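K.L.:
Listed below are the residues making up each chain.
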Amino acid sequence: MSIFKRKRHTGIQYSGINPKGYHPSQLKFYIILLPLAAFMLLPMVFIFSHAFKPPDELFAYPPRFFVINPTFKNFTDLFSKMSSSGVPVSRYLFNSVVVTGVTIAASILVSSTAAYALSKKRFKLKQALFAINTVALMFVPIAVTIPRFLVIQRLGLMDTFWVHVLPALAMPVGLFLIKQFIDGIPDEIIEAARIDGANDLSIYFQIILPMIKPALATIAILTFQATWNNAETSSLFINDESLKTFAFYLTTLTSTSAGANTVAGQGMAAAASLIMFLPNLIMFFFLQSQVMSTMAHSGLK
Amino acid sequence: MVNNHIQRESKFKLWLNKEGSAYGFLSGYALMFIIFIVVPVLMAGLLSFTLFDTIQFPKFIGLKNYITLLTQDDIFMKYVLPNTIEFAVIVGPGGYILSFILAWILAQLPKLPRTIMALILYSPSMTSSIAMAVVWLTIFSGDQNGYLNSLLLNYNLIQAPIQWLQSPQYLMTIMIIVTLWSSMGVGFLAMLAGILEINPEMYEAGALDGISNRFQEIIYITIPSMRPQMLFGAVMAIVATFQAGAIGVTLSGANPTPQYAGQLIVNHIEDYGFLRYEMGYAAAVSVVLLLMVLLFARVANSLFGSNE
Numbered sequence: 001m002s003i004f005k006r007k008r009h010t011g012i013q014y015s016g017i018n019p020k021g022y023h024p025s026q027l028k029f030y031i032i033l034l035p036l037a038a039f040m041l042l043p044m045v046f047i048f049s050h051a052f053k054p055p056d057e058l059f060a061y062p063p064r065f066f067v068i069n070p071t072f073k074n075f076t077d078l079f080s081k082m083s084s085s086g087v088p089v090s091r092y093l094f095n096s097v098v099v100t101g102v103t104i105a106a107s108i109l110v111s112s113t114a115a116y117a118l119s120k121k122r123f124k125l126k127q128a129l130f131a132i133n134t135v136a137l138m139f140v141p142i143a144v145t146i147p148r149f150l151v152i153q154r155l156g157l158m159d160t161f162w163v164h165v166l167p168a169l170a171m172p173v174g175l176f177l178i179k180q181f182i183d184g185i186p187d188e189i190i191e192a193a194r195i196d197g198a199n200d201l202s203i204y205f206q207i208i209l210p211m212i213k214p215a216l217a218t219i220a221i222l223t224f225q226a227t228w229n230n231a232e233t234s235s236l237f238i239n240d241e242s243l244k245t246f247a248f249y250l251t252t253l254t255s256t257s258a259g260a261n262t263v264a265g266q267g268m269a270a271a272a273s274l275i276m277f278l279p280n281l282i283m284f285f286f287l288q289s290q291v292m293s294t295m296a297h298s299g300l301k
Numbered sequence: 001m002v003n004n005h006i007q008r009e010s011k012f013k014l015w016l017n018k019e020g021s022a023y024g025f026l027s028g029y030a031l032m033f034i035i036f037i038v039v040p041v042l043m044a045g046l047l048s049f050t051l052f053d054t055i056q057f058p059k060f061i062g063l064k065n066y067i068t069l070l071t072q073d074d075i076f077m078k079y080v081l082p083n084t085i086e087f088a089v090i091v092g093p094g095g096y097i098l099s100f101i102l103a104w105i106l107a108q109l110p111k112l113p114r115t116i117m118a119l120i121l122y123s124p125s126m127t128s129s130i131a132m133a134v135v136w137l138t139i140f141s142g143d144q145n146g147y148l149n150s151l152l153l154n155y156n157l158i159q160a161p162i163q164w165l166q167s168p169q170y171l172m173t174i175m176i177i178v179t180l181w182s183s184m185g186v187g188f189l190a191m192l193a194g195i196l197e198i199n200p201e202m203y204e205a206g207a208l209d210g211i212s213n214r215f216q217e218i219i220y221i222t223i224p225s226m227r228p229q230m231l232f233g234a235v236m237a238i239v240a241t242f243q244a245g246a247i248g249v250t251l252s253g254a255n256p257t258p259q260y261a262g263q264l265i266v267n268h269i270e271d272y273g274f275l276r277y278e279m280g281y282a283a284a285v286s287v288v289l290l291l292m293v294l295l296f297a298r299v300a301n302s303l304f305g306s307n308e
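Line by line, the protein sequences give chains P and H. The letter at position 183 of the first sequence is residue 183 when you use my numbering, and the numbering goes up by one with no holes. The letter at position 36 of the second sequence is residue 36 when you use my numbering, and the numbering goes up by one with no holes.
There could be a bad hint or two in this list.
Said to hold, decoys possible - Here are some, though not all, of the chain P residues that point toward chain H, as calculated from beta-carbon distances under 8 Å:
# : residue
1 : A143
2 : A193
3 : T254
4 : M276
As the list claims (entries may be wrong) - List of simulated lysine to aspartate or glutamate pairs, EDC-like, C-alpha gap at most 20 Å:
#  : chain 1 : residue 1 : chain 2 : residue 2
5  : P       : K73       : P       : E57
6  : H       : K18       : P       : E57
7  : H       : K64       : H       : D74
8  : P       : K20       : H       : E204
9  : P       : K301      : H       : E197
10 : H       : K18       : P       : E191
11 : H       : K13       : P       : D200
What the hints assert, rightly or not - Beyond 10 Å from chain H on every Cβ pair, some chain P residues (computed):
#  : residue
12 : V102
13 : G156
14 : F161
15 : P167
16 : K301
Just so you know, the hints here were simulated from the structure itself, not pulled from any lab data. Please read these numbers as outputs of a predicted model, since none were measured by experiment. All C-beta atoms in this analysis are idealised placements derived from N, C-alpha and C, irrespective of residue type, glycine included.
Go ahead and model the full structure; you've got the sequences and the hints to work with.
P.N.:
Here it is as structure tokens:
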């Protein structure tokens, strides 16, 4: 473990955590990180490069990693095409955007109201309910796909818009993170507002919500990832092709193109996977500092 | 009688005044939580004691599903269970330790490079496995046009292209690598934030107490000071590991996977539930899966929980 050793100067003790600037002692970390980061980044770079390849490069032998003559052909192909059932690709994308937007808004509302109650209100079952939610952090949705299917069928949610939205709202980690964040708001602020005559709703809207923006941004990102990338809902609960999402459409591209291996299919799949990936990256890029400040409260005791 | 009624009504009103708004705020989330988490879990538990083909009403058969699972399901015992344990033990703790080490290294860097690196390391976990399937299928493609095959052929490391995703001896390894690649998720961010939150005075005090190198610092100061984040990270790693179970089917394009080489417990559930419509049996497998998650979480809890 020699990499962890460092000489300590007498006098100033310097832990090295969160340094303000560059220091030669950081060099060894860069030596470990840079090759690893490059390796981690390869598949991402590949998505970008592959999506802009013209057909002859997609199937060139030997295959080339980087694109030489970038073209938008794969994207124009993708959007000029109808799926095998006659639904235009833009329809899937539109569904994905609407579903994701509605789910994020609903998830923020539902999780933050519940988190406010669990953090700041006094009631008998408070501890018990929070404990149940904490156990549910371990919940693996994929394990109960079948009973979920039966529940959704029984409730008449099959083939509706809401089947995309409602199951995603039960997100224990979202409630957990917001609740921990609200715990950081001093009770005195809320007491003071109550003395001034504010009721619960105005406390929630005027005090809590503005103070927990970082937590809300985090929930927005987590919900976004869960919903935007979700293909199972469309394949299990939706038969109506015009209600399915873009993630589902991408699965149909990869499964057919793997067998048929058509040039057009490969290019379109590459373009579609870039469209799937890019919004994730952009969202995290802009919200990352909010996410980090939320994660500081994430401890599980 | 009337008096009693009024009293009860006022008691209810009192409760409503005191606690009503709390439940009002909770109601939306609670409803979704009950419908989509509590009820399915309870149903899985109940259905696991029945014979259920989705057409006829479930028939109670006691522990028969569990007995069949343990004694007669050769595929489960020979492939699914060992595969799941191998996958979970390597990907779970492996991804978790990797996340912690990388988070620790990142914490040693100034803010800008740290943020860029965190973005790079986190981005695989936010990418859907569907989008990545395109990449993996191209890289590991079985003909000579596959990127890996082409590379190895070029350097004469192999003589003929290898069917990476269809070969039982390679599929599991590829599944593990792909999942580890995307294991720097929410838990990783939580641990990074946890390390950055530790009060620098702790390290100074530790140095006075005779801590002489960074490794001791990690063991005696960093990890104990961020136990809550360590536990949160562990739970997230466990969930992500079991949730990633579909990767073998995505890569090989078939359920069951070639010679059951990449068959995990999640695929077994899907196989019985949606392909053979033996819902009762599939539910018993689900219960076993949920118990495995709980078992892993217990181990994590005994390592990092606040059990003083």
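K.L.:
Hint by hint, say whether it matches the structure.
P.N.:
Right, here's what the structure says about each hint:
1. Checking P/A143 against chain H by beta carbon gives a least distance of about 5 Å; that is within 8 Å, so the hint holds.
2. A least Cβ separation of about 14 Å between P/A193 and chain H goes past the 8 Å threshold, and the interface hint is therefore violated.
3. Restraint check, P/T254 versus chain H: the minimum CB separation of about 5 Å is within 8 Å; hint holds.
4. With a cut of 8 Å, the hint placing P/M276 at the interface with chain H holds, because the nearest CB-to-CB distance is about 4 Å.
5. For the hint pairing P/K73 with P/E57, the CA-to-CA distance comes to about 12 Å; that is within 20 Å, so the pair holds.
6. Of the pairs offered as hints, the one joining H/K18 and P/E57 is violated, with about 69 Å between alpha carbons and a cut-off of 20 Å exceeded.
7. For the hint pairing H/K64 with H/D74, the CA-to-CA distance comes to about 16 Å; that is within 20 Å, so the pair holds.
8. Note on P/K20 and H/E204: the hinted pairing holds, with a Cα-Cα distance of about 17 Å set against a maximum of 20 Å.
9. Distance hint between P/K301 and H/E197 is fulfilled; the C-alpha atoms sit about 16 Å from each other, no more than 20 Å.
10. Straight-line distance between C-alpha atoms of H/K18 and P/E191 comes to about 15 Å, which keeps the hinted pair within the 20 Å bound.
11. For the given pair, H/K13 sits about 17 Å from P/D200 by alpha-carbon distance, which is consistent with the 20 Å threshold.
12. Distance check for P/V102 against chain H: the nearest CB is about 14 Å away, which clears 10 Å, and the non-interface claim stands.
13. Every C-beta of chain H lies more than 10 Å from that of P/G156, the closest at about 13 Å, which supports listing it as non-interface.
14. Listed as a non-interface residue, P/F161 keeps its Cβ farther than 10 Å from every Cβ of chain H; the least gap is roughly 16 Å.
15. At roughly 5 Å, the least C-beta separation between P/P167 and chain H is not larger than 10 Å, which violates its mark as non-interface.
16. At the 10 Å boundary, the C-beta of P/K301 falls inside the reach of chain H, the nearest C-beta of that chain being 5 Å off.
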